[in-house]
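As they're listed, the protein sequences go chains A and B. The letter at position 104 of the first sequence is residue 118 when you use the numbering used here, and the numbering goes up by one with no holes. The letter at position 395 of the second sequence is residue 400 when you use the numbering used here, and the numbering goes up by one with no holes.
What the hints contain is simulated information worked out from the structure, not anything from laboratory work. Remember, predicted model here, so these are calculated numbers, not experimental data. In this text, a Cβ means the ideal position worked out from N, Cα and C, and glycines have one as well. Fair warning: there could be bad hints in the mix.
Okay, derived cross-link-like pairs now, DSS-like style, lysine-lysine, Cα gap no bigger than 27 Å in a straight line [unchecked claim]:
#	chain 1	residue 1	chain 2	residue 2
1	A	Lys104	B	Lys487
2	B	Lys232	A	Lys82
3	B	Lys41	A	Lys95
4	A	Lys42	A	Lys117
5	B	Lys41	A	Lys45
6	B	Lys478	A	Lys95
7	B	Lys215	A	Lys101
8	B	Lys215	B	Lys488
Now the stretches of chain A that chain B is said to cover, found in silico as 3 or more residues with beta-carbon under 8 Å [claimed, not checked]:
#	stretch
9	25–32
10	78–86
11	89–97
One-letter residues, chain by chain:
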Amino acid sequence: MEACMLKVVAACGSGMGSSMMIKLKLQKVLKELGIAADVKNTNAGEAKSTASQYHVIVCSESLRDTFKSAEERGTAVVTLKNLLDEKELKEKLLQAGVAELEKKVTV
Amino acid sequence: MEVVMSIWAFFQNNVLTKPAFFVGFIVFIGYLLLKKPVYDALAGFIKATVGYMILNVASGGLVGNFRPILAGLNQRFSLNAAVIDPYFGQAAAQAAVESIGRSFTMMMQVLLISFLWNLLLVFCRKLSKVRTVFITGHIMVQQSSTALWMVLLCFPGLNDPGVVVMLGLLLGTYWAVSSNMTVGATQELTDGGGFAVGHQQMFGIWAVDKLAGRISSKGSKKLEDLKLPGFLSIFNENIVATAILMSLFFGAIMVILGSGTMHKMDSSFSATQNFGFYIVEKSFNFAVYLQILQLGVRLFVSELTESFQGISAKLLPGSMPAVDCAATYGFGHPNAVTIGFLFGAFGQFLAIIGLIVFRSPVFVITGFVPVFFDNATFAVFANRKGGIKAAVIVTFCSGIIQVLGGAFAAYYFKLAQFGGWHGNFDWDTVWPVFGVLMNNFKYTGVGICIVFLLVIPQLEYYFGRYRRGDYFKVVENYAAVKKTE
Numbered sequence: 015m016e017a018c019m020l021k022v023v024a025a026c027g028s029g030m031g032s033s034m035m036i037k038l039k040l041q042k043v044l045k046e047l048g049i050a051a052d053v054k055n056t057n058a059g060e061a062k063s064t065a066s067q068y069h070v071i072v073c074s075e076s077l078r079d080t081f082k083s084a085e086e087r088g089t090a091v092v093t094l095k096n097l098l099d100e101k102e103l104k105e106k107l108l109q110a111g112v113a114e115l116e117k118k119v120t121v
Numbered sequence: 006m007e008v009v010m011s012i013w014a015f016f017q018n019n020v021l022t023k024p025a026f027f028v029g030f031i032v033f034i035g036y037l038l039l040k041k042p043v044y045d046a047l048a049g050f051i052k053a054t055v056g057y058m059i060l061n062v063a064s065g066g067l068v069g070n071f072r073p074i075l076a077g078l079n080q081r082f083s084l085n086a087a088v089i090d091p092y093f094g095q096a097a098a099q100a101a102v103e104s105i106g107r108s109f110t111m112m113m114q115v116l117l118i119s120f121l122w123n124l125l126l127v128f129c130r131k132l133s134k135v136r137t138v139f140i141t142g143h144i145m146v147q148q149s150s151t152a153l154w155m156v157l158l159c160f161p162g163l164n165d166p167g168v169v170v171m172l173g174l175l176l177g178t179y180w181a182v183s184s185n186m187t188v189g190a191t192q193e194l195t196d197g198g199g200f201a202v203g204h205q206q207m208f209g210i211w212a213v214d215k216l217a218g219r220i221s222s223k224g225s226k227k228l229e230d231l232k233l234p235g236f237l238s239i240f241n242e243n244i245v246a247t248a249i250l251m252s253l254f255f256g257a258i259m260v261i262l263g264s265g266t267m268h269k270m271d272s273s274f275s276a277t278q279n280f281g282f283y284i285v286e287k288s289f290n291f292a293v294y295l296q297i298l299q300l301g302v303r304l305f306v307s308e309l310t311e312s313f314q315g316i317s318a319k320l321l322p323g324s325m326p327a328v329d330c331a332a333t334y335g336f337g338h339p340n341a342v343t344i345g346f347l348f349g350a351f352g353q354f355l356a357i358i359g360l361i362v363f364r365s366p367v368f369v370i371t372g373f374v375p376v377f378f379d380n381a382t383f384a385v386f387a388n389r390k391g392g393i394k395a396a397v398i399v400t401f402c403s404g405i406i407q408v409l410g411g412a413f414a415a416y417y418f419k420l421a422q423f424g425g426w427h428g429n430f431d432w433d434t435v436w437p438v439f440g441v442l443m444n445n446f447k448y449t450g451v452g453i454c455i456v457f458l459l460v461i462p463q464l465e466y467y468f469g470r471y472r473r474g475d476y477f478k479v480v481e482n483y484a485a486v487k488k489t490e
């Protein structure tokens with residue numbers, strides 16, 4: 015079960031405050047989209063070095079450059095302007111193709 | 006009756022005075038109240054309790070790692086040193102509270118009362134004019150820790166319930182009022198993003214918002230046009246930044262103290278180990294313990310934040326969540342974050358040199374969190390109102406204030422002996438003033454602080470930028486009151 019689940023990580027500078035807020039919003043929005051996923055939050059450094067373990071990384075736009083290399087290696091990176099805006103999150107998750115990703119992972 | 010008393014005594018000895026179990030217990034009850042299954046509640050209990058125990062290990066390690074260096078500084082130069090960083094501050098406060106034989110569980114009790122008081126103030130918003138609920142869990146833990154020590158220091162005779170209630174009211178008022186002060190500026194920055202800042206520098210944000218526009222010169226450049234060297238991006242990574250900062254500062258201190266002193270002070274420094282490698286290992290140890298500490302906090306705070314957010318959304322619809330300052334970074338250019346950190350650091354280094362030149366009894370060591378997060382936030386807000394010039398000047402001054410205020414506070418509140426002070430902007434400015442008032446005027450002092458805080462939202466309501474009719478609309482419907490510039 016665990017192995018074939020969409021893995022999403024929310025990242026921020028220290029991995030404490032804003033990544034926690036992103037995680038709460040992620041859980042809510044993914045549930046609305048009917049996508050089952052394992053959602054974690056951590057600091058940007060750790061998320062960068064363990065990027066290959068996740069299908070999707072979600073972070074603030076200010077951290078876009080940090081995850082350039084992860085994106086090149088195939089992890090979907092979603093960057094948010096407003097971390098608390100559920101609409102923005104939902105649109106960008108769909109744009110990044112989470113629905114398709116989930117299907118691929120769970121098969 | 007005797008049975009009841011002995012059950013109470015059992016509960017008090019094993020849960021109430023043991024912070025780890027107390028935290029777990031609260032999470033357990035919270036889960037049951039939210040009607041989650043018992044196994045979820047149990048998992049929450051374990052994560053919270055283990056998280057707190059991890060935090061304990063790390064706090065002890067942080068203070069222990071520092072001890073030989075502090076002892077060396079003390080002996081050679083009769084100097085104390087404090088890292089100005091909220092995690093160091095929290096560890097130092099815990100060590101200080103336990104050193105006088107009081108229970109650190111009070112920290113969690115203070116946190117709960119403060120949160121409830123904040124909710125009540127928002128509930129009575131017609132009267133109190135408070136619009137924001139502070140829900141940033143890890144910050145609440147850090148501030149409760151530091152403030153708890155301040156109160157115990159100023160009121161050594163006060164019993165535990167007295168301390169908890171009094172501080173709960175003071176800290177809860179600070180959370181409510183200070184985050185409320187950021188509503189206008191944050192809504193403007195985020196164009197109605199729907200959140201306020203609930204962190205460590207809300208008075209600072211308020212001041213920056215007022216000052217930045219005046220500093221800007223005509224046609225001043227915005228940060229967006231700036232090209233910054235690429236190597237600065239390594240400071241985006243917490244571990245790297247901490248390790249570099251710690252190596253710089255502790256390296257310099259240990260070199261000055263010399264390998265002889267360090268051998269004498271630190272038994273873990275073996276005769277065969279090279280001094281250079283010893284210094285690097287010792288410095289990196291700080292990054293290690295900080296990482297462990299944050300892991301522990303993350304474990305038990307995620308449980309707290311989740312329920313706080315749930316409670317405030319359920320009980321107080323229309324209130325505004327006050328969250329981590331990093332939530333604003335997406336609304337500023339990445340350059341703003343870097344520039345803030347850079348000039349904040351310049352300011353801090355200059356002030357530290359000043360401390361040495363003027364022979365301050367407390368030496369200050371730059372901690373990562375205040376220099377980065379406070380100043381990055383200030384730069385984001387300042388850049389919007391006043392461009393590069395404002396961002397640079399504001400963060401440079403803030404760096405200086407952080408060091409001078411931090412040095413004073415670490416000395417005055419006797420935390421330099423434990424090697425740390427909270428160090429974020431409000432805790433280098435507003436809170437030391439609160440502490441001095443408390444220390445000199447006791448209960449009257451606490452009263453003055455609370456009244457001072459409660460008057461602020463009233464002033465904002467009647468005289469602020471979004472006053473009277475617009476005051477609550479800024480939160481509910483920003484587009485309707487948006488000011489065109």
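Here is what the structure says about each hint:
{"no.": "1", "hint": "A/Lys104 to B/Lys487", "in the structure": "holds (26 Å)"}
{"no.": "2", "hint": "B/Lys232 to A/Lys82", "in the structure": "holds (18 Å)"}
{"no.": "3", "hint": "B/Lys41 to A/Lys95", "in the structure": "violated (33 Å)"}
{"no.": "4", "hint": "A/Lys42 to A/Lys117", "in the structure": "holds (19 Å)"}
{"no.": "5", "hint": "B/Lys41 to A/Lys45", "in the structure": "holds (17 Å)"}
{"no.": "6", "hint": "B/Lys478 to A/Lys95", "in the structure": "holds (23 Å)"}
{"no.": "7", "hint": "B/Lys215 to A/Lys101", "in the structure": "violated (32 Å)"}
{"no.": "8", "hint": "B/Lys215 to B/Lys488", "in the structure": "holds (15 Å)"}
{"no.": "9", "hint": "25–32", "in the structure": "holds (count 7)"}
{"no.": "10", "hint": "78–86", "in the structure": "holds (count 3)"}
{"no.": "11", "hint": "89–97", "in the structure": "holds (count 5)"}
Hints 3 and 7 from the list above are not met by this structure, while the remaining hints are.
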